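Engineer: Here is what each chain is made of, one letter per residue.
There are 2 protein chains.
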Amino acid sequence: MVPHLVTAQNGPLLDLEKKILDSTPAIERWFRLEWQEHTPPFYCSVDLRNAGYKLAPVDTNLFPGGFNNLATEMLPLSVQAAMAAIDKYCPDARNLLLVPEVHTRNPSYLQNVARLMQIFRQTGLHVRLGSLDPDVTEPTPLALPDGNMLVVEPMVRSPNGRRVGLKDFDPCTILLNNDLSAGIPDILQNIHEQSLLPPLHAGWAIRRKRNHLVAYDEVAKKFGKLIDVDPWLVNPLHAQLDDANLSEAQGREALADQVAALMSKIKKKYKEYGMRDQKPWVIVKPDAGTYGMGVLTIKDASEIKDLSAQQLGRLSVIKDGVQVSGLVVQEGVPTHENIDGAVAEPVVYMVDRYVIGGFYRVHAERGIDQNLKAPGAQFVPLAFAQQHAVPDLKAKPGTAAPNRFYVYGVVARLGLLAASWELERTDPNPEVY
Amino acid sequence: MVPHLVTAQNGPLLDLEKKILDSTPAIERWFRLEWQEHTPPFYCSVDLRNAGYKLAPVDTNLFPGGFNNLATEMLPLSVQAAMAAIDKYCPDARNLLLVPEVHTRNPSYLQNVARLMQIFRQTGLHVRLGSLDPDVTEPTPLALPDGNMLVVEPMVRSPNGRRVGLKDFDPCTILLNNDLSAGIPDILQNIHEQSLLPPLHAGWAIRRKRNHLVAYDEVAKKFGKLIDVDPWLVNPLHAQLDDANLSEAQGREALADQVAALMSKIKKKYKEYGMRDQKPWVIVKPDAGTYGMGVLTIKDASEIKDLSAQQLGRLSVIKDGVQVSGLVVQEGVPTHENIDGAVAEPVVYMVDRYVIGGFYRVHAERGIDQNLKAPGAQFVPLAFAQQHAVPDLKAKPGTAAPNRFYVYGVVARLGLLAASWELERTDPNPEVY
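Protein chains in written order, with my numbering: chain A, 1 to 433; chain B, 1 to 433.
Next up, chain A with everything else stripped away, as it sits in the complex (with noise of 0.2 angstroms):
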């Protein structure tokens, strides 16, 4: 099943489609060729809008939640991606701690926990649960929806404090599940002997999003010139204030200029595509924002000096008792995906360099410029069925589930490899590489 794409603008989607499809060798070479040189995050999900003009990831989350939420039938793709990402770091690895996020009772956040340590037993791994919760100290069992158990344990240091583990438990590699927002742990610092994955930097206490958009920016356009489209197909544009005190009205004025800038590309590239109906909005985000945190939608600059105090102490975040004060504002896309009559945003998963399947996140009472990362979101595995099905060739552009779903693959990935580059270029011990 394709969704219904419900707009009359998908002339260039299904130019692109047909682009991607026809040169399948040299992107997928291209991927294989930036792998050599570089190293995917160990996991990774990507949110994609399909506007119908255009196919752009608008998240990229190192810690991804919701492997439950992918088909069963894709777990085999799983297992074999991570039976190589671990013959990476630790080849000879026995036991894996994987660290799952303290808001541990949600039952279908512990679902992905399970989810997690079933692909990850069938690699040839041990794996036990390690909390960053305070309040763990001793084991403690949590209760699955099907009735099964997990059990949390504290973490300890070993004697000499080189090693993270349990107590009668000495992993080989710790895999974070927990993406940090809270700040770094003192348990995860200096963690030299065990690989610690993804690395401290990629979690949001130090995360940027700017340095993602900005390796994102280089991705594209390089994607751009190897099957010669326009990268902005694929990206959405995007601006960055340094110091953006909005509790002044400079502040808050040097932000409108920043999005009456951005809107102004936007029209124009609308304006290029031929189409003049289109109203562009914008997206402004705090640049250390956690996961859909703070998220404003504006549609005209002028908005901007309306907005309520609360609204606008939203975007500037507090890390670890200092204030950061940059905003992104992204060009909005707008999801013109529906099933059954919801808007619907596909969401990729990876892990190391392979896309191992993705579902359709659905939300009935939101619209197609709003964020569909709200409570009432359903999530829909099985309209992704036939990803597993390899590319019709044939197929007339846009009708192909396994064409959509193929484009949906490499789009993702650019986000992944976005994420690769903007890891290597962060990381304050480059030199242990």
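Hints were generated in silico from the structure; no laboratory data involved. There may be inaccurate statements among the hints.
As the list claims (entries may be wrong) - For lysine-lysine, the following DSBU-like pairs were computed, each having C-alpha atoms within a straight-line distance of at most 35 angstroms:
no., chain 1, residue 1, chain 2, residue 2
1, B, K268, B, K285
2, B, K88, A, K222
3, A, K279, A, K268
4, A, K167, B, K18
5, B, K299, B, K18
6, B, K222, A, K225
7, A, K88, B, K222
8, A, K88, B, K299
9, B, K167, A, K396
10, A, K221, B, K88
11, A, K221, A, K167
12, A, K269, A, K394
13, A, K167, B, K394
14, A, K167, B, K225
15, A, K396, A, K225
16, B, K167, A, K222
17, A, K19, B, K225
18, B, K88, A, K394
Everything numeric in this text was worked out from a predicted model, so none of it was measured.
Since the structure of chain A is already known, use the hints to place chain B on it.
Structural biologist: What follows is chain B alone, placed relative to chain A:
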């Protein structure tokens, strides 16, 4: 669906299934470590026989056809595994030359070739077909059953004689899907600048069954020790006869002695497992023989003296003008799997070190002790439909399809590992590695 296991003697196998599932992390880690030391064959298919009391590989094919019999849902696993394999041999590869069998007008075989081309295209390679048929002197189209076309082209040496390719196509890798049972053609000799996969000594012009069986003995022993099971549960007993001149009475007597000795070993094993009613039999095959050729089923050593000259003749093979008279005698393993009343044996496919799918070879007119590789055989890819689920650790032994398929995958990989050791040991130019 789990094929019906039509035997009362399934106790040892259910025990084996349980042990394998319980030991998954240890087994997968062991494979992971072995693949650090040894290179897996590029691709491989393994025929298994499930007797209920044992589950063993009976053929390890290093030039697998039949990729078209795999369920299309499994293709992404093949693509992912092929990506890993290509990475190893020629990461910057752009072109792959695939060399199919010469009898390429068989529609089913052509579909296998088309499927392989599809897989390698998705890994980022331009794929073309080189023919070893001296009658192919120009690009020759071959019609596929689905209306598409393949084109085989004459292979040529580069002007300096150092590379092999097509007229305007210089491959980095040459992949043989031709088992070289007709001998090694000149055009494949002395290739040093390109990867030739599998290596020439994997072809039946050079390969000898005994080397594989000896390597498999060691693999099975290591595996038995690892999970504490009798290696016999995954390994047919066997013997070999070096100079068997069967045209003389002395040669036939020597063979009859070997058969009798092996029969008594098998009986002892049957007794150990309480299978007093089970009748042993053995398979006699030429050491240098190709796929299914000249295979004899012997139920009593006394049959040897009554064999016809024709039957005896098929047991000796002429290779490059030299008679190869070595024989292999192997414990017969009945297949007790049954699909809709027809005898079935699982065939498992691997690319690099990964299990990528499989199917059942089913033959309605053959018995449980007969070779199913015969006219009338059918392939049931759908019977493996649940192979892409991960094991269900809570299912009762013998009832869950994913568990049965996981066990198949483990035993097939024992054959893969043995093939890897075999190729290493029989490599005429080991310093190349």
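Engineer: Give a verdict on every hint.
Structural biologist: Each hint, compared with the structure:
Restraint check: the Cα-Cα separation between B:K268 and B:K285 comes to about 23 angstroms, which is no more than 35 angstroms; the hinted pair holds. A threshold of 35 angstroms between alpha carbons decides the hint, and for B:K88 with A:K222 the separation of about 25 angstroms falls inside it, so the pair holds. Annotation: proposed proximity of A:K279 to A:K268 holds, straight-line Cα distance about 12 angstroms (limit 35 angstroms). Taken as a hint, the A:K167 and B:K18 pair is honoured in the structure, with Cα atoms around 29 angstroms apart against an allowance of 35 angstroms.
At most 35 angstroms may separate the alpha-carbon atoms for a hinted pair to count; B:K299 and B:K18 meet this at roughly 32 angstroms. Between the alpha carbons of B:K222 and A:K225 the distance comes to roughly 52 angstroms, so the proposed pair goes past 35 angstroms and is violated. Simply put, A:K88 and B:K222 have alpha-carbon atoms about 25 angstroms apart, close enough for the 35 angstroms limit, and the pair holds. Of the supplied pair hints, the one linking A:K88 and B:K299 is violated, its CA atoms being roughly 51 angstroms apart against a limit of 35 angstroms.
For the suggested pair B:K167 and A:K396, the alpha carbons sit about 33 angstroms apart, so the restraint of at most 35 angstroms is met. As the CA atoms of A:K221 and B:K88 are separated by approximately 29 angstroms, the hinted pair is consistent with the 35 angstroms bound. With a CA separation close to 49 angstroms, the supplied pair A:K221 and A:K167 exceeds the 35 angstroms bound. For the suggested pair A:K269 and A:K394, the alpha carbons sit about 31 angstroms apart, so the restraint of at most 35 angstroms is met.
For the hint linking A:K167 to B:K394, the alpha-carbon distance of about 28 angstroms falls within 35 angstroms, and the restraint holds. Restraint check for A:K167 and B:K225: the C-alpha separation of about 29 angstroms stays at or below 35 angstroms, so the hint holds. For the proposed pair A:K396 and A:K225, the alpha carbon gap of about 24 angstroms is at most 35 angstroms, so the pair holds. The straight-line distance between the Cα atoms of B:K167 and A:K222 is roughly 32 angstroms, inside the 35 angstroms bound, and the hint therefore holds.
Under the criterion of a C-alpha separation no larger than 35 angstroms, the hint pairing A:K19 with B:K225 is inconsistent with the structure, at around 54 angstroms. Straight-line distance between C-alpha atoms of B:K88 and A:K394 comes to about 31 angstroms, which keeps the hinted pair within the 35 angstroms bound.
In this structure, the hints that do not hold are numbers 6, 8, 11, 17, in rising order.
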